[in-house]
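Asker: Residue-level listing of the chains:
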Amino acid sequence: MLNETSQLLSDSVEKIFSDHVTKDCIISAEKGEWPESLWNEVIENGLNLVLVPENLGGVGGSWFDAGILFKAIGRYQAPIPLAENIVAGYLLGLGEVPFPENSIITLLDGELQLSDNKLSGVSHRTPFGNHSTHGVAIIGDNGKSKLVLVPILDNSTSDDKNIALESRSNIEFKNVEVLHVIDIDFSSDLILKI
Amino acid sequence: MNTPFNFRLTKFPNEAEILRHEVREFLSDALKDVPKETRAETWYGADENFSRKVGQQGWIGLNWPKEHGGAGRSSMERYVILEEMLTAGAPVGAHWISDRQSGPLIIRYGTEKHQKELLPGILKGESYFCIGMSEPDSGSDLAALRTKAEKKGDIYLVNGTKLWTSGAHRCQYMIALFRTSQEEDRHGGFSQFIVDLSLPGVTIRPIIDLAGRHHFNEVIFEDVEVPQDMLIGTEGNGWNQVTAELALERSGPERYLSSYMLLQELVNEFSNKNDDEGVTEIGRQMSHLTTLRQMSVSVAGMLDQGENPALEASVVKDLGAVFEQELPNIAHRLMGLEPDSKGTDFQRYLAILTQISPSFSLRGGTREILRGIIARGLGLR
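Same order as they appear, the protein sequences are chains A and B.
According to our numbering, the first sequence holds residues 1 to 194 in order.
According to our numbering, the second sequence holds residues 1 to 381 in order.
BS3-like mimics (lysine-lysine), calculated; alpha carbons at most 27 Å apart, straight line:
id, chain 1, residue 1, chain 2, residue 2
1, B, Lys36, A, Lys161
2, B, Lys53, B, Lys32
3, B, Lys342, A, Lys161
4, B, Lys342, A, Lys31
5, B, Lys32, B, Lys124
6, B, Lys113, B, Lys152
Since the hints were made in silico from the structure, they are not lab data.
The following block holds chain A by itself, in its conformation from the complex:
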């Protein structure tokens, strides 16, 4: 039996995806089009905020709840960075940072350096980087890592696709001022706390 939150999430994601993730939607996304109406539905229903604590305006759900959404994303092949936004929301929540409004966040990975609150380097093959407004990155080693939230500036992405024809971009950061820096101790069992 699912609890009330889980049931609600399960029902809404099924409804939204079965209405919006059509064959046409997937084919145009493969050609690089952003599925605006699908994304808007997802946002209006707060699916991106499933792991954001309630005191920060989120759903305050569990990883089990997030799992319901992850599974639906895979099953429908939804061409949107919902999983990335869910994880980003969770990470920001760890530092009590609310999810920035009207933003699409992706997860950065690559050789990135932080100096004086400015980020430099290239994030490689970033999911939906060309459609995202912000990125989160974890900088540094275990024990003394920093989580940063950074805006993605115009003309900083070069676009590519993976073999499933999903958007993958390289994003170049040249001394871009970060919006938040959060100290995180990833060596602890923090990640399991929700």
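Got chain A; can you put chain B on it based on the hints?
Answerer: Showing chain B alone in chain A's frame:
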């Protein structure tokens, strides 16, 4: 325990091992300019020049009788050629089906005219055949096929559509199964024909697969006039003829070597790593590979003895497909790299195999069909 499966330990005869060296030498020269991506596709890859070179070597029809232009050698020797070609990633797709099943079918059921006219082109690696079985409403349930061949004077008038026909776009002929009459027995009333694909009324349309490749086709027959003498075998006996043909299709090394190039790349990647998990996993896969090989070789031995290996062949194909399909997942897990068609050799192989491996349990008989045959062999249905 008494089982209906007959897998005998079978060894390659000496002459097969001598042949193996000749084939290796030939391939090291013939494949030097073939790109790795093409090699990873193995028998999905086709190259007519390569097929002609194989024909010149006398390696097509190797186990056909001498009176039909073959070399009269054993199935074991043919097996060695296939094995070497597949592990090297040779683009054998053009002549593959003609050598494996169309030629043998013509030898077994064809008239002297068929044999004289058609076998020489196959042996030279110049004449290619596809298999016309599946239809829009009849895939695994082959008996539901509807394409009709109606006898009118000295021709058969053919109307209908074949679907998922592999390689039809580069073949001159199709060996097709058509309905020639309605019978109460749902396996009755079928006949096999050799159809010249250049006949008026034949249209071949490409079907581009998920991975963007052109391998499958839709072949449409509109009032195609097939000469009466292009019926092969006995009218109404098509079902039995096809069943015999499928045994040839289901046990070869192509049923477990499709992901071999990736396994080889994985061995290269881990040879310099101190990684127990990876090495253990590769060892496990190698032991599966060795067992499958022995089972498949044993089927080749049965063919040489004139036995019917239909049941054993189904076991090999089913287990072989499980092995081939699992490898890309295992490789991905061990290496943690994205399948990327523009990446390293490993990533490129992974990309190709991730995309084509779902078809390994569809082509040449689906998993469900094979397990049905196995269950019947076990007396369970």
